[in-house]
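*Asks:* Chains as they are written, first to last, in this note's numbering: chain A, 4 to 77; chain B, 4 to 77; chain C, 4 to 77; chain D, 4 to 77; chain E, 4 to 77; chain F, 4 to 77; chain G, 4 to 77.
Treat the hints as calculated values from the structure; they're not laboratory data. Incorrect hints may have been included.
Ranges of calculated distance between the beta carbons of each label pair, as one might list FRET restraints [unchecked claim]:
1) A:Lys-20 x E:Val-53: 46 to 56 Å
2) A:Lys-20 x E:Asn-48: 52 to 62 Å
3) D:Arg-59 x A:Lys-20: 21 to 31 Å
4) F:Glu-77 x G:Asn-28: 18 to 28 Å
Derived DSBU-like pairs (lysine-lysine); straight-line CA-CA distance at most 30 Å [unchecked claim]:
5) B:Lys-26 x A:Lys-58
6) C:Lys-26 x D:Lys-60
7) E:Lys-60 x F:Lys-19
8) D:Lys-19 x B:Lys-58
9) C:Lys-19 x C:Lys-60
10) F:Lys-60 x E:Lys-20
11) F:Lys-60 x E:Lys-58
12) F:Lys-60 x F:Lys-20
13) A:Lys-29 x C:Lys-60
14) C:Lys-20 x C:Lys-60
15) G:Lys-26 x G:Lys-58
16) B:Lys-29 x B:Lys-19
17) C:Lys-29 x F:Lys-26
18) A:Lys-58 x G:Lys-20
19) D:Lys-19 x E:Lys-58
20) F:Lys-60 x F:Lys-19
21) F:Lys-29 x F:Lys-60
22) D:Lys-58 x E:Lys-60
23) B:Lys-26 x G:Lys-60
24) C:Lys-26 x B:Lys-60
Just so it is clear, CB atoms sit at the ideal spot from N, CA and C, and this is done for glycine as well.
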Amino acid sequence: MENSRPLDALNRARDKKVIVELKNNKQYLGNLKAFDIHINVVLENAEERVDGEVKRKLGSVFIRGDTITIISPE
Amino acid sequence: MENSRPLDALNRARDKKVIVELKNNKQYLGNLKAFDIHINVVLENAEERVDGEVKRKLGSVFIRGDTITIISPE
Amino acid sequence: MENSRPLDALNRARDKKVIVELKNNKQYLGNLKAFDIHINVVLENAEERVDGEVKRKLGSVFIRGDTITIISPE
Amino acid sequence: MENSRPLDALNRARDKKVIVELKNNKQYLGNLKAFDIHINVVLENAEERVDGEVKRKLGSVFIRGDTITIISPE
Amino acid sequence: MENSRPLDALNRARDKKVIVELKNNKQYLGNLKAFDIHINVVLENAEERVDGEVKRKLGSVFIRGDTITIISPE
Amino acid sequence: MENSRPLDALNRARDKKVIVELKNNKQYLGNLKAFDIHINVVLENAEERVDGEVKRKLGSVFIRGDTITIISPE
Amino acid sequence: MENSRPLDALNRARDKKVIVELKNNKQYLGNLKAFDIHINVVLENAEERVDGEVKRKLGSVFIRGDTITIISPE
Numbered sequence: 004m005e006n007s008r009p010l011d012a013l014n015r016a017r018d019k020k021v022i023v024e025l026k027n028n029k030q031y032l033g034n035l036k037a038f039d040i041h042i043n044v045v046l047e048n049a050e051e052r053v054d055g056e057v058k059r060k061l062g063s064v065f066i067r068g069d070t071i072t073i074i075s076p077e
Numbered sequence: 004m005e006n007s008r009p010l011d012a013l014n015r016a017r018d019k020k021v022i023v024e025l026k027n028n029k030q031y032l033g034n035l036k037a038f039d040i041h042i043n044v045v046l047e048n049a050e051e052r053v054d055g056e057v058k059r060k061l062g063s064v065f066i067r068g069d070t071i072t073i074i075s076p077e
Numbered sequence: 004m005e006n007s008r009p010l011d012a013l014n015r016a017r018d019k020k021v022i023v024e025l026k027n028n029k030q031y032l033g034n035l036k037a038f039d040i041h042i043n044v045v046l047e048n049a050e051e052r053v054d055g056e057v058k059r060k061l062g063s064v065f066i067r068g069d070t071i072t073i074i075s076p077e
Numbered sequence: 004m005e006n007s008r009p010l011d012a013l014n015r016a017r018d019k020k021v022i023v024e025l026k027n028n029k030q031y032l033g034n035l036k037a038f039d040i041h042i043n044v045v046l047e048n049a050e051e052r053v054d055g056e057v058k059r060k061l062g063s064v065f066i067r068g069d070t071i072t073i074i075s076p077e
Numbered sequence: 004m005e006n007s008r009p010l011d012a013l014n015r016a017r018d019k020k021v022i023v024e025l026k027n028n029k030q031y032l033g034n035l036k037a038f039d040i041h042i043n044v045v046l047e048n049a050e051e052r053v054d055g056e057v058k059r060k061l062g063s064v065f066i067r068g069d070t071i072t073i074i075s076p077e
Numbered sequence: 004m005e006n007s008r009p010l011d012a013l014n015r016a017r018d019k020k021v022i023v024e025l026k027n028n029k030q031y032l033g034n035l036k037a038f039d040i041h042i043n044v045v046l047e048n049a050e051e052r053v054d055g056e057v058k059r060k061l062g063s064v065f066i067r068g069d070t071i072t073i074i075s076p077e
Numbered sequence: 004m005e006n007s008r009p010l011d012a013l014n015r016a017r018d019k020k021v022i023v024e025l026k027n028n029k030q031y032l033g034n035l036k037a038f039d040i041h042i043n044v045v046l047e048n049a050e051e052r053v054d055g056e057v058k059r060k061l062g063s064v065f066i067r068g069d070t071i072t073i074i075s076p077e
């Protein structure tokens with residue numbers, strides 16, 4: 004039964020460090036604080052990376068779900 | 004329980020200064036006055052930035068949700 | 004309570020001059036006569052601008068919501 | 004009350020000559036015979052223009068709503 | 004009353020020869036055999052044209068609605 | 004009555020060889036084993052073609068509906 | 004009856020190795036652990052490939068459905 008729904012995987016990653024990648028190729032690394040069925044996501048202690056380079060430190064960031072391609076625990 | 008839904012994070016940012024980034028790479032900085040479940044957003048005392056440069060001062064601006072990638076408190 | 008929903012901001016702009024910007028970078032200036040929850044918009048006494056230049060005078064124009072990025076009172 | 008909903012403006016344009024512009028920059032001029040809530044549109048005595056030049060005469064044309072940016076009475 | 008809904012126009016074109024144009028600029032000519040509210044369409048005795056040139060003969064073709072820009076009777 | 008709904012045409016193609024074309028211009032040929040109202044499709048004994056050339060043999064392939072432009076029986 | 008719905012094919016691939024391809028041309032190979040009706044997918048022991056080359060090892064990866072073009076068992 005474990006792992007049967009995709010959102011269960013996000014739930015297990017809650018409060019853990021994840022990488023979120025967007026359709027525009029930006030990456031956001033941070034602690035997964037919240038998500039919903041649209042895959043809207045909130046990260047804390049986030050940083051933005053482009054081509055592997057850190058571009059910005061962002062305390063907290065809300066990412067709109069429809070712009071996301073993948074989410075993976077670090 | 005804190006932080007469990009993404010819109011809660013937007014709610015805590017209400018009346019605070021945020022940066023909103025769009026799929027077209029424009030950025031809008033201003034005070035978050037309103038948002039809804041589509042992530043339509045209203046900022047006040049807003050300015051538009053492109054490539055980090057201020058392009059325009061906008062008193063109030065309505066931003067359509069489906070054009071937004073991220074929202075982050077300043 | 005004031006300003007709590009994004010459509011309230013559009014409602015306060017009704018009959019006032021606004022600028023509407025589209026994903027294709029065109030801008031429409033005119034008096035906001037109507038809008039709906041899809042952010043379909045009708046302007047009157049509208050003009051179209053591209054790169055800041057007036058291209059056309061349009062008496063009345065219906066703008067489909069999903070093509071809009073921002074709406075701002077002049 | 005007049006003009007309060009965007010579809011009212013389309014309704015007033017019914018049977019009148021309108022210009023419909025698409026995301027692919029094509030323009031269709033013709034008499035507005037029908038529309039629905041998706042902004043699917045039917046024009047009659049239509050012609051297609053690209054960059055202001057008439058490309059084709061089309062007796063009747065059905066235009067899918069999600070490809071439309073603006074509709075304006077001539 | 005005639006012509007009041009866009010799908011009525013498609014209904015009158017049923018079994019007649021139509022041209023269907025897609026967002027990718029391909030054109031399909033054939034007899035309109037079926038359509039639905041999503042504007043999914045089935046043509047028979049269809050041919051595919053690109054830039055006005057016949058590329059392929061297709062006996063029957065199902066065209067997904069969200070890829071269509073216009074449909075016009077020949 | 005025959006042929007009145009687009010999905011009827013897909014149903015008649017079930018277990019037959021079809022070509023499925025995607026928005027990214029890839030083509031998949033194979034036996035149509037399943038489809039649903041979103042036009043998600045499953046082919047078996049499938050091969051992928053790009054510009055008319057066979058690129059890969061795929062035993063079974065699930066194709067997400069919103070990426071499909073056309074489906075045609077061979 | 005077998006194979007009648009596309010999601011049945013995904014269900015038979017559960018826990019097996021699959022390749023998932025995205026609109027941005029990235030490929031993810033891994034064991035299919037979960038999927039839902041939006042075709043959101045979770046892979047485990049995943050690796051990312053671009054142009055056939057392994058780019059990254061990812062323990063677990065959530066892939067948003069609307070970015071997926073095809074899923075195929077290895």
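*Asks:* So, for every hint listed, does it hold in this structure?
*Replies:* Status of each hint after checking the structure:
With their beta carbons about 49 Å apart, Lys-20 (chain A) and Val-53 (chain E) fall inside the hinted range of 46 to 56 Å. Separated by about 58 Å at the C-beta atoms, Lys-20 (chain A) and Asn-48 (chain E) satisfy the suggested range of 52 to 62 Å. A C-beta distance of roughly 57 Å is found between Arg-59 (chain D) and Lys-20 (chain A), which places it outside the suggested range of 21 to 31 Å. Taken as a hint, the range 18 to 28 Å holds for the pair Glu-77 (chain F) and Asn-28 (chain G), whose Cβ atoms sit roughly 27 Å apart.
Straight-line distance between C-alpha atoms of Lys-26 (chain B) and Lys-58 (chain A) comes to about 17 Å, which keeps the hinted pair within the 30 Å bound. Only pairs whose Cα atoms come within 30 Å are accepted, and Lys-26 (chain C) paired with Lys-60 (chain D) is accepted, the gap being roughly 29 Å. With a C-alpha separation of about 18 Å, the suggested pair Lys-60 (chain E) and Lys-19 (chain F) falls inside the 30 Å cut-off, and the hint holds. Taking the CA atoms of Lys-19 (chain D) and Lys-58 (chain B), the gap is near 40 Å; set against the 30 Å cutoff, the hint is violated.
For the given pair, Lys-19 (chain C) sits about 18 Å from Lys-60 (chain C) by alpha-carbon distance, which is consistent with the 30 Å threshold. In summary, the hint linking Lys-60 (chain F) to Lys-20 (chain E) is not supported, as the alpha carbons are separated by about 37 Å, beyond the 30 Å threshold. For the hint pairing Lys-60 (chain F) with Lys-58 (chain E), the CA-to-CA distance comes to about 25 Å; that is within 30 Å, so the pair holds. This hinted pair checks out: Lys-60 (chain F) and Lys-20 (chain F) have alpha carbons roughly 15 Å apart, not beyond 30 Å.
At most 30 Å may separate the alpha-carbon atoms for a hinted pair to count; Lys-29 (chain A) and Lys-60 (chain C) exceed this at roughly 39 Å. For the hint pairing Lys-20 (chain C) with Lys-60 (chain C), the CA-to-CA distance comes to about 15 Å; that is within 30 Å, so the pair holds. In summary, the hint linking Lys-26 (chain G) to Lys-58 (chain G) is supported, as the alpha carbons are separated by about 17 Å, within the 30 Å threshold. Between Lys-29 (chain B) and Lys-19 (chain B) the alpha-carbon distance is near 20 Å, which keeps this suggested pair within the 30 Å criterion.
Distance check on the hinted pair: Lys-29 (chain C) and Lys-26 (chain F) sit about 26 Å apart at the alpha-carbon level, within 30 Å; holds. This hinted pair does not check out: Lys-58 (chain A) and Lys-20 (chain G) have alpha carbons roughly 35 Å apart, beyond 30 Å. About 38 Å separates the Cα atoms of Lys-19 (chain D) and Lys-58 (chain E), which puts this hinted pair outside 30 Å; it is violated. For the suggested pair Lys-60 (chain F) and Lys-19 (chain F), the alpha carbons sit about 18 Å apart, so the restraint of at most 30 Å is met.
Between Lys-29 (chain F) and Lys-60 (chain F) the alpha-carbon distance is near 13 Å, which keeps this suggested pair within the 30 Å criterion. Pair hint Lys-58 (chain D) plus Lys-60 (chain E) holds up; C-alpha atoms about 25 Å apart against a cutoff of 30 Å. Annotation: proposed proximity of Lys-26 (chain B) to Lys-60 (chain G) holds, straight-line Cα distance about 28 Å (limit 30 Å). The hinted pair formed by Lys-26 (chain C) and Lys-60 (chain B) meets the criterion: a straight-line CA distance of about 20 Å does not exceed 30 Å.
In the structure shown, a violation is registered for the earlier hints numbered 3, 8, 10, 13, 18 and 19, in ascending order.
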